[in-house]
Every structure is written in C-alpha cells, then in structure tokens.
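A.B. asks: Please construct the entire structure, taking both the sequences and the accompanying hints into account.
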Amino acid sequence: MGQTELVTASVAAVFRTYHDDLVRLAVLFVGDQPTAEDVVQDVYVKMHARWSKLPGPDEVLPYVRAAVLNGSRSVLRRRSLAHRVGVLQRVSAIVPPLPSAESEAILSEDRRRVLAALAGLSRRRREVLVLRYYLGLSEAEIAAVLGVSAGTVKSTAARGLAALARELGEEA
Amino acid sequence: MTRTEDRLADALRAKAATVRADRHRPLPEPSRSRARHRAGIWLAPLAAATAVVLVAVTAILLTHLYPRTKPSVPQAPSPVSATPKYYAEFWNGGQVMIRSTATGKVVRWAPEPAGVFGMILAAGPDGRTFYMGTAAQRSVNAIYSFRLTASGAVTPMRKIDGGVVGSTGEMVYGLAVSPDGTELAVAVAGARYGLAQTLVVIDLRTGAHHVWQGGLPLWENHLYEGVNIQDLSWSGNQRVDFVTSWCGNEFFAYCGPKTAQVRAVNVASGGGSLAASTVVLGDLARFPKITSMVADQQGHLTIMQVAGWSVRTGTVATVTVEQVSAADGSVQRVLYRRRVTVDANLDGSLIADPSGQHLLLWIDDSLHGWLDHGVLRPMQNGQLGNPVW
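Sequence lines, in order, name chains P and F. If you count the first sequence from 1, position 109 lands on 109 in this note's numbering, and the numbers rise without skipping. If you count the second sequence from 1, position 158 lands on 158 in this note's numbering, and the numbers rise without skipping.
It is possible that part of the hints are untrue.
Counterexamples of contact, computed for chain F against chain P with all Cβ distances above 10 Å [to be verified]: (1) 2; (2) 9; (3) 12; (4) 15; (5) 16; (6) 20; (7) 113; (8) 149; (9) 159; (10) 239; (11) 335; (12) 376.
Calculated lysine to any residue pairs in the SDA-like style (CA-CA distance at most 20 Å, straight line) [said to hold, decoys possible]: (13) 154(P) x 144(P); (14) 159(F) x 128(F); (15) 154(P) x 5(F); (16) 85(F) x 128(F); (17) 154(P) x 2(F); (18) 154(P) x 6(F); (19) 85(F) x 127(F); (20) 154(P) x 1(F); (21) 154(P) x 3(F); (22) 85(F) x 330(F); (23) 85(F) x 113(F); (24) 154(P) x 123(P); (25) 85(F) x 114(F); (26) 154(P) x 9(F); (27) 159(F) x 210(F); (28) 85(F) x 379(F).
Just so you know, these hints were derived from the structure itself, not from any lab. Cβ coordinates follow ideal geometry from the N, Cα and C atoms, glycine included.
C.D. replies: Shown next, in the form of structure tokens:
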C-alpha cells in the first residue's frame, strides 16, 4: 500500500482545522463565499493528489495558504479573461455571485470603499496587504507564502499602502 | 498603525466575517484511487479522440494476445504459470471490484459493509480469499475477508477473528498473507503523518495477535529514527520481510539521507521490537530507494526501486524491478526497467500472485500493468485502487 491513503485522513484533519480560515482568506481575494469554497475544495483535492510535496508539519499552513492564494489567482484570471473576450454574461460559472444582502449589511460604506480601493491594486500588492493586515503575518511569513523575498514583501506593502492611502484620500 | 492600516484591517475583518461557517459545503470525499489532475477543458476532445484510437489498437492487440473466451464468472486459479484471470481493486463507491485481467471488465462486486472504509486489499494463497484493511477514521480499524466461491459468487465481507487492530485514527497500511494461508501480517500506521510502525501478525485460525512495535513517532521527532514498514511480504511461513522506508518517503522535510532496508522478523519469536529485526538488505548504495518488495521461499527478493527522483526537484525517475539474493544482496535478474514521468506522487507497489511468478506493478498514473517476461502488459480500464491478485 502506498502512502496516499494514509495521508488522506491527515490531510482531512488539516482542512477540518483550517477550513473556515481558508475560506475567509479566499473570500478576501475572490469576493464571495461560494467561489471561495470552490477554491478551498480544489486545494483540498489537490493536496490529496500531491501529498508527497507537502512540507513538514510546521510548514503545512503556509503551504496551504499559498495554495489557496494560487487557486484564487486562477479564479481571478478566468474572470479577467472572460471579461476580455466578452463572454462574462454567458459563463455563469465564472461570474462572481452578487454579495448577499446579509453580507452587504455587515459592510459599512467606508469598508466598501476600502475594499474597492484594495481591489484596484495590483495582485501582488493586494495579496501582501491581505496577508499582512488580515492574517497578521510577518514579512518573513508572507515571503514564505508568496515565494518572494522579505525585502520584496516590505517594499510591496509600503507601495500598496501608499497607493491605498492615495485612493482613500489619506496620507499613509 | 496609520489610519489607512486601521481602516484596511477593519474592512478585511468585516469582509471575512461575512463568511457563514454554518453554510459551508462539506469537503469532498477524497478518492482512494490515484488522484488525477484535472486537465484543461480543451483537452477533453483531444483525450476522447486519443481514447478511441487507443481502444481500437488495444482491442486489436487483445484479439491476438488472448483467446476469445467470454469472461463470465471467476473460476479457480489456473496452475502455477498461468497469469491470474482476475484481480481485485477498490472502486470509489464503497465496493471492491473483481475484474478480468485481460479486459478490465468488472465481473463481480464485493460490497463493503456499511460504514466501513476499505484501504487496502490482499489475496490469500488460494487466489480466492481476499482480505481488506480499513481506516479507523470512520469505523473500527478492522480486517474483513471475502471469498470467491467455486461457482464464481462473492461471499459477503465479514470481520475476521482477531481482526481489530490498532486504535481509532490508525490505519491498516499493509497486508500480506502467509504462504500457507494461516496467518496475516498487518502493518498499522499511526494517526498522524507517518509510516506504519507496528506489525501485527494475526493467526487466522485463532485470532491471536503477535505484535512488533516500531521506533519513535516521526511527528514528535522530526528526524527519522524509528523502524517503519513501507511494504511487507512473507519469505516463509514463519518469517515476514519488510521494507523500511527511505527517509519517511520524503514526506518530512526534516529527515536525513537514510537508505532503505529490507528487514525480517521471525514470527515464532512471538513479538517484540521492529528495531530488533534482522537486517536482510541494509544501507546499500545500490538500493537507496526501495518502494516495494516481494519475498519468496527460495531466498529471493524482488524489489522495485526508484532512482533519479526527488520530491523537491525531479519528475522523471528510473524504475527498476529486479530479483536479488536475500543472502548477499547480489542482483540475479533485472525484470524490468523504465524511465517514467512521475508527477508529485511517488507511490507504487509490486504485488505477486499466489504462484509468485506474476507481478502486478504500478506507480501512480505513470506505470501500471503486470510483468510478463520483461514486458509490461497494461491493465485494462484499471482504476488502480490498490489492485491485488
């Protein structure tokens, strides 16, 4: 017997522990819960297929977060492509569902402004800021998730914040 | 924090809080067969066309390779040298399939008992009795058996006497039936990431257990120190040989450059420590990565080893199946060698039929079939859910 089956339960345990957190993280990138759950489920399935690439226990969470990030990027790429070729209205599967009235009610006008400004940033800046200000990761941890240097994280965060401040009419 | 940072953190928290955990869809049930990576949608027509061509070519080849016998019901295994007509493997829907080796057609189903999640199969020396190990994540960690009757029917699965092994969260990781069919060797893996570190030999007549414990749990130590069981086989009615993994299958980033070993325990000793087992092949530069092993009663070990592959860097590996002497480790015959592309998963096995002359061979999606005088005969329609014969 190979190890795939053995790891199946362990991977499931990882996702049982972090599922909610991962969906919330994905929501910040893709914007809605159903798509975010799709992203996390895809990561879950892929982890089963690629269990032997998983790092040690201390590194599993950054690994999974990076996978969620990559999954979110794929969704955004598909949306972008659909917009570009003008098929958005016909491809319901890749259209971000409208936010529910309930979730909209939770977000104040100011928060919506901030999130809209965030959405206007480049992908890299957006990712760095979410990892920094939602997950509270350190520069080194963000670097590990994104696969870049800590210096890149630092400069990207600074530029992202400055751009955000400009968009919101503030001084960063 | 600046005001921008405050507003950003607040907005992100609020947005994340819109996620309703109580509305989460359940995670999908993982597949027990080799996971396949989803190809792009554009590949579908190409794959379909390729499949049509392959089916046609395969049908023509099979027409020449096999007599036009209709695969009806399983019959008694043919004497020694005949390739087994049937093999068993898991289907994802909670059943075991009995399939025709020649055509891959499912000729019988063996339903798993309700609530049981089968993980591994082993065939007895009669070629008719099968054993199934389960995972305890859903149920008691137990061994079930079923038989193909002379008329070709499948008996219901039943838990064998003494068939409860390990505890909740552990898994039956390896199974091997003794040559005389009276004992079953079971490798049990711990609940966390790690390899099997417990060997249980069950006397199938009485249900009595003999237990050998492995080394320290991998998780706690981060360093590979214990003796574990990557694969196991019987080299006699009183001796179980097993492969200890090279470095925990590289699953852990912390493990050292330890090479594989083949070790053996004497069942008559009644139990003890795996660390005290006899080293049959040990720390040999020629056999750094043994993924699977079949022992026979004539002092031969047939091993599958992989070279040139690393989970970190490599995707192309050379797989070699060779027969070596258990006495001195000398290579007696190379049965098969091939370079294969391995995706992320390096997961494979050799499974001998009751005669010991025919070997099932599979590695992930890259390589699967049975060895026929140095030629790999591909499995037809195989799901590769841990096939045995």
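A.B. asks: For each hint, tell me whether it holds in the structure or not.
C.D. replies: Results for each hint:
Consistency note on residue 2(F): stated as away from chain P, yet its beta-carbon is not over 10 Å from all of that chain's, at 6 Å minimum. A Cβ of chain P approaches the Cβ of residue 9(F) within 10 Å, the least distance being about 4 Å, so the stated non-interface status is violated. For residue 12(F), the condition that its CB be more than 10 Å from all CB atoms of chain P is violated, with the nearest at approximately 4 Å. Chain P draws residue 15(F) into its interface by the beta-carbon criterion, the shortest separation being 6 Å against a cut-off of 10 Å.
With a cut of 10 Å on Cβ distances, residue 16(F) falls inside the contact zone with chain P, its closest approach being about 4 Å. Look at residue 20(F): its CB is around 7 Å from the nearest CB on chain P, not clear of 10 Å, so calling it non-interface is violated. Every Cβ of chain P is farther than 10 Å from the Cβ of residue 113(F); the closest lies at roughly 18 Å, confirming the non-interface assignment. Every C-beta of chain P lies more than 10 Å from that of residue 149(F), the closest at about 27 Å, which supports listing it as non-interface.
The claim that residue 159(F) is not at the interface with chain P holds, since no C-beta of that chain comes within 10 Å of its own (minimum 19 Å). Chain P leaves residue 239(F) outside its interface by the beta-carbon criterion, the shortest separation being 20 Å against a cut-off of 10 Å. For residue 335(F), the requirement that its beta carbon stay farther than 10 Å from each beta carbon of chain P is met, with the minimum near 20 Å. Consistency note on residue 376(F): stated as away from chain P, and its beta-carbon is indeed over 10 Å from all of that chain's, at 18 Å minimum.
This hinted pair checks out: residue 154(P) and residue 144(P) have alpha carbons roughly 13 Å apart, not beyond 20 Å. A hinted pair counts as satisfied when its Cα atoms are at most 20 Å apart, and residue 159(F) with residue 128(F) qualifies at roughly 17 Å. Of the supplied pair hints, the one linking residue 154(P) and residue 5(F) holds, its CA atoms being roughly 14 Å apart against a limit of 20 Å. Of the supplied pair hints, the one linking residue 85(F) and residue 128(F) holds, its CA atoms being roughly 11 Å apart against a limit of 20 Å.
Straight-line distance between C-alpha atoms of residue 154(P) and residue 2(F) comes to about 16 Å, which keeps the hinted pair within the 20 Å bound. Straight-line distance between C-alpha atoms of residue 154(P) and residue 6(F) comes to about 18 Å, which keeps the hinted pair within the 20 Å bound. Distance hint between residue 85(F) and residue 127(F) is fulfilled; the C-alpha atoms sit about 10 Å from each other, no more than 20 Å. In summary, the hint linking residue 154(P) to residue 1(F) is supported, as the alpha carbons are separated by about 15 Å, within the 20 Å threshold.
Between residue 154(P) and residue 3(F) the CA atoms are separated by roughly 19 Å; this keeps the pair inside 20 Å, and the hint holds. Taken as a hint, the residue 85(F) and residue 330(F) pair is broken in the structure, with Cα atoms around 33 Å apart against an allowance of 20 Å. As the CA atoms of residue 85(F) and residue 113(F) are separated by approximately 26 Å, the hinted pair breaks the 20 Å bound. A threshold of 20 Å between alpha carbons decides the hint, and for residue 154(P) with residue 123(P) the separation of about 15 Å falls inside it, so the pair holds.
A hinted pair counts as satisfied when its Cα atoms are at most 20 Å apart, and residue 85(F) with residue 114(F) does not qualify at roughly 29 Å. For a cut-off of 20 Å, the pair hint linking residue 154(P) to residue 9(F) stands: about 17 Å separates their Cα positions. A threshold of 20 Å between alpha carbons decides the hint, and for residue 159(F) with residue 210(F) the separation of about 18 Å falls inside it, so the pair holds. Using a Cα cut-off of 20 Å, the hinted pair residue 85(F) and residue 379(F) holds, with the two alpha carbons roughly 12 Å apart.
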